[in-house]
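Trainee: Can you make the complete structure from the sequences, with help from the hints?
The opening residue of the sequence shown carries number 689 in my numbering; numbering runs sequentially from there.
Among these hints, one or two may not hold up.
[Stated by the list, open to error] Below, a list of computed lysine-lysine pairs in the BS3-like style, where the Cα atoms sit at most 27 Å apart:
| no. | residue 1 | residue 2 |
| --- | --- | --- |
| 1 | Lys-840 | Lys-869 |
| 2 | Lys-757 | Lys-869 |
| 3 | Lys-1076 | Lys-1000 |
| 4 | Lys-840 | Lys-1076 |
| 5 | Lys-869 | Lys-892 |
| 6 | Lys-840 | Lys-892 |
[As the list claims (entries may be wrong)] With beta-carbon atoms standing in for the labels, derived distance ranges:
| no. | residue 1 | residue 2 | range |
| --- | --- | --- | --- |
| 7 | Glu-1084 | Asp-947 | 20 to 30 Å |
| 8 | Pro-886 | His-817 | 13 to 23 Å |
| 9 | Asp-947 | Asp-745 | 37 to 47 Å |
Simulated from the structure, these hints should not be mistaken for lab results.
Just so you know, even glycine gets a beta-carbon here, dropped at the ideal spot from N, CA and C.
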Amino acid sequence: MSMVNSTQPLAIVSAFGSRGDVNPMLALARELSRRGWRILFLTSAPYQAMAEAAGFDSQALVSQEEFDKFIAVPGLWHPVQGLRVVLGETATMLLQPTFDLLERRVEPGNTILVTHPLDFASRIYRDLHPEVPLVGTVLAPMAIRTPGDPAKLTDWPLEISRPAWLVEVSYMAADWIFISKWLGRPVNRFRRQLGLPPIDRVLKSWYLSPDLVLGLFPEWFAPRPDQWPSQLQCTGFPLEDAAGEMDAANIAAVQAIRDQHDQPPVVFAPGTANRQAADYFQIAADACGELDIPAILQTEFPQQLPARLPPKVVHQSYLPFRSLLPHCRAIVHHGGIGTTSQALAAGIPQLVVPMAFDQFDNARRVERLGCGRSLLHRQLSRRRLTQKLTDLLDGESIRSRCGEIRSRMTTNETVRQSVDAIQQLAIARGVVGRSAETA
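Mentor: Here it is as structure tokens:
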């Protein structure tokens, strides 16, 4: 541990994954900084500049080369193999460098850890140093096991969803067959080196901080069951985007599309870290050409776009959804929780094309709300996409329901309420004085 002990408390914030993972953690860090905390921001090289632009001390624990290699893995967007890549390769790779950094930088009695769900090193550190408070985050409800209302985890037509005891058996089977091999064994090897006892099932409940867990989604999106841990507080969707608002030139460009074609564009966004979407963009371009509708294909990897786009279809590298989507007619996206929440806030219909991770469950929740439709990625074709888009764009009930949900999100206090909870924990544990409660 560092022996530096400034009068200004230190928050070590981790944010691994893609831009959708980094944005909410940066939002929390900004508010903590505004309230007088020093920030050490742990992330991947592609997003380090975003943290530094906010004025934070930052460490890239994933190099650009490692990140590029990760997003190019062929199985990344497979429902099962994707979890193996994320848990068995990326998360375990981060254990040693993250733990080593914490050993160097944590200031006893003056530090709180605010962690991304893939940061298992900080959870281990909390077991070794229980005096250091740990705030975990859950970005999407899929990450919390709920036998009474289990998340949709794959593109399989049948998943065990009831009764609750059978769902729990399926969780146990998944832990024994997959999770133990991918994550449990590496975590327990690491713990053994530190003299800590093994964890039986790391994703059952251990990975959740015993101090405080922030569910960064509202309870109307995922109604809270009795089984969720008492230290979990659902504070809502953090809608801030580290990229800020669209500049005047981009707003004018989007407005020009609307004016030129007499209707707003449809946005296609398969994920900011998705560089395996060539077929997706070809099908999207073909469907938009057939329907003769304006569209924006958003990707930071333009090499996967078709050589020729229909006249009404344009490419944009990255535009912040918070300011883009209110100018759009609908969005077709992968089902990441960040994109899902921004579309709900904008009040526009969604067509979710899930591939892996939390995306199937988010798609299910969008449909439950009546705010969109879904189409499995493996079923994606020009004909199916055209049919789904026609249904989506002509659906009066969907548009009406989108407006109702948008009205719930006009005032967003997620970041403030989340940091209030962090501050309260810090006060209770003596990291900051009680005067900080109203900062």
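Trainee: Hints first: check each against the structure and report whether it holds.
Mentor: Against the structure, the hints:
Only pairs whose Cα atoms come within 27 Å are accepted, and Lys-840 paired with Lys-869 is accepted, the gap being roughly 22 Å. Annotation: proposed proximity of Lys-757 to Lys-869 holds, straight-line Cα distance about 22 Å (limit 27 Å). With a C-alpha separation of about 19 Å, the suggested pair Lys-1076 and Lys-1000 falls inside the 27 Å cut-off, and the hint holds. Between Lys-840 and Lys-1076 the alpha-carbon distance is near 21 Å, which keeps this suggested pair within the 27 Å criterion.
Of the supplied pair hints, the one linking Lys-869 and Lys-892 holds, its CA atoms being roughly 15 Å apart against a limit of 27 Å. Distance hint between Lys-840 and Lys-892 is fulfilled; the C-alpha atoms sit about 17 Å from each other, no more than 27 Å. Between Glu-1084 and Asp-947 the beta carbon distance is about 24 Å. The supplied range of 20 to 30 Å therefore holds. For Pro-886 and His-817, the Cβ-Cβ distance of about 19 Å falls inside the hinted range of 13 to 23 Å, so the restraint holds.
For the hinted restraint 37 to 47 Å between Asp-947 and Asp-745, the CB-CB distance of approximately 45 Å keeps it satisfied.
Going through the hint list in order, the structure satisfies each hint without exception.
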